[in-house]
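Student: For this one, chain A is given, so just place chain B on it according to the hints.
Chain residues, written in single-letter form:
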Amino acid sequence: MNRICQSLLRPSYRMPAALTGGASASATTTSGSILCRFFAADAATGAAVDKATMDKLVRTNKVVVFMKGNPQAPRCGFSNAVVQIMRMHGVQYDAHDVLQNESLRQGVKDYTDWPTIPQVFIDGEFVGGCDILLQMHQSGDLIEELKKVGIVSELLKAEEAKQQDDKAK
Amino acid sequence: MLNFTLRRLTGVSLRNLNQLTPTISSLGQILPRATMSQEAGQYPPIESAMRKALNTELKPVFLEVINESPQHNVPKRSESHFRVFVVSEKFNDLTLIKRHRLVNDTVKNALKAAGFEFMHALSIEAKTPKQWEPEQEPEKSPPCLGGHGK
Numbered sequence: 001m002n003r004i005c006q007s008l009l010r011p012s013y014r015m016p017a018a019l020t021g022g023a024s025a026s027a028t029t030t031s032g033s034i035l036c037r038f039f040a041a042d043a044a045t046g047a048a049v050d051k052a053t054m055d056k057l058v059r060t061n062k063v064v065v066f067m068k069g070n071p072q073a074p075r076c077g078f079s080n081a082v083v084q085i086m087r088m089h090g091v092q093y094d095a096h097d098v099l100q101n102e103s104l105r106q107g108v109k110d111y112t113d114w115p116t117i118p119q120v121f122i123d124g125e126f127v128g129g130c131d132i133l134l135q136m137h138q139s140g141d142l143i144e145e146l147k148k149v150g151i152v153s154e155l156l157k158a159e160e161a162k163q164q165d166d167k168a169k
Numbered sequence: 001m002l003n004f005t006l007r008r009l010t011g012v013s014l015r016n017l018n019q020l021t022p023t024i025s026s027l028g029q030i031l032p033r034a035t036m037s038q039e040a041g042q043y044p045p046i047e048s049a050m051r052k053a054l055n056t057e058l059k060p061v062f063l064e065v066i067n068e069s070p071q072h073n074v075p076k077r078s079e080s081h082f083r084v085f086v087v088s089e090k091f092n093d094l095t096l097i098k099r100h101r102l103v104n105d106t107v108k109n110a111l112k113a114a115g116f117e118f119m120h121a122l123s124i125e126a127k128t129p130k131q132w133e134p135e136q137e138p139e140k141s142p143p144c145l146g147g148h149g150k
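Going down the list, the protein sequences come from chains A and B.
Residue numbers for the first sequence follow UniProt numbering, so the first one is 1 and each next one is one higher.
Residue numbers for the second sequence follow UniProt numbering, so the first one is 1 and each next one is one higher.
Pulled out of the complex, with its shape left as it was, chain B reads as follows:
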């Protein structure tokens, strides 16, 4: 019984650890606003999988992936909270909710394929090229209120 409980606990914590503590520190962490032309390998695993999938699926005119985890109540170098700013022709004629679903699904499938669960938080700004002005900055996320409920 004890053995079983222990195993269950370890199983859970391992899974959570996977999400919360990526294996490598990389440029993506130090310079979250690095441009998308850089090699995917320079980013930590989850961010790298996201970027790759979004670039392939959405063919964005502009893509910015920001790891906001350091602003939240999670261990250092986590990949739990992200903001995505993406401008793509694919959003033409899609309602806001469909655009968000497209981004969510793209990220979800990519993470699943790479063996990760969906991240804790993903904030999305999805614009069509017409709605976008190059000098436009992504919105800022609201401050953390400590509710990392897992």
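Just chain A, with the same shape it has in the complex:
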């Protein structure tokens, strides 16, 4: 019921244009200068999404996030925290709303053998959930991990710009 209400309230979820084997529909949105795509499917209730499909899904972008809600309107505090961290680093990523798709919700949990959402993938590798992302953000490891896949964090850019400024003075 809840799910039906959500989809009624947010018709933007249900955009056509299939991307991966009909499992997901995609919508592209801009938030500031950051382009992040989010995917939401019909509220499918079939079997969990299989491993082969998950293998593809986690590689549709360098960073892929499975979350509750979408980046513009996260539906869970932990998912929201991940969105905010990504925003701070200026990361472009693909987001999948598991509340819209029970098969995906179970599929991603089975795939990673990880019991909770959100789940973050960098370069197809499972990195962790909200707690791990937050700790990586705090320790600076996230900047390093992003660098490995060719993403320069906005925080790093800001830091470098500041250092240049200081030198110039």
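Since the hints were derived computationally from the structure, they do not count as laboratory data.
Positions of the beta carbon are idealized from the N, C-alpha and C atoms, including for glycine.
Incorrect hints may have been included.
What the hints assert, rightly or not - Only some residues are given here: those of chain B computed to face chain A with a beta carbon under 10 Å: (1) L122; (2) S123; (3) E139; (4) S141; (5) P142; (6) C144; (7) G146.
Tutor: Okay, now just chain B, sitting in the frame of chain A:
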């Protein structure tokens, strides 16, 4: 047909109820920050199973289990959202993700043995004794955004 649907519905709601409404109110609810030296029996069933398993498996130097369910959109006295702060020698040489897997698996096995499903949310801070200072408080969880999707 109707009968079948009804039975299915009851089955589902019973299972969910099990997770959401524990049978006893206890000290653990009133004082979620009670120390770990207390008897496990003083905590509600899921929390009690978690504490017991974490103490046995991880031999923690420090363990704090906080039931954060009251901050969320769930019935009173639920045991759905937890935060675990655990300091253990067992985390030495383990990456962050392996530490979290160790905690997740310990909790998962304990709950399975006690006949519960995995809780809705489990937030983990896993530190080695070297990384821990006794005055350190666990992080606070972000506020609920109402997305209890089940």
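Student: Run every hint past the structure and note whether it holds.
Tutor: Taking the hints in turn, this is what the structure says about them:
no., hint, in the structure
1, L122, "holds (6 Å)"
2, S123, "holds (6 Å)"
3, E139, "holds (8 Å)"
4, S141, "holds (6 Å)"
5, P142, "holds (3 Å)"
6, C144, "holds (5 Å)"
7, G146, "holds (7 Å)"
Figure legend: structure checked against the earlier numbered hints; every hint is met.
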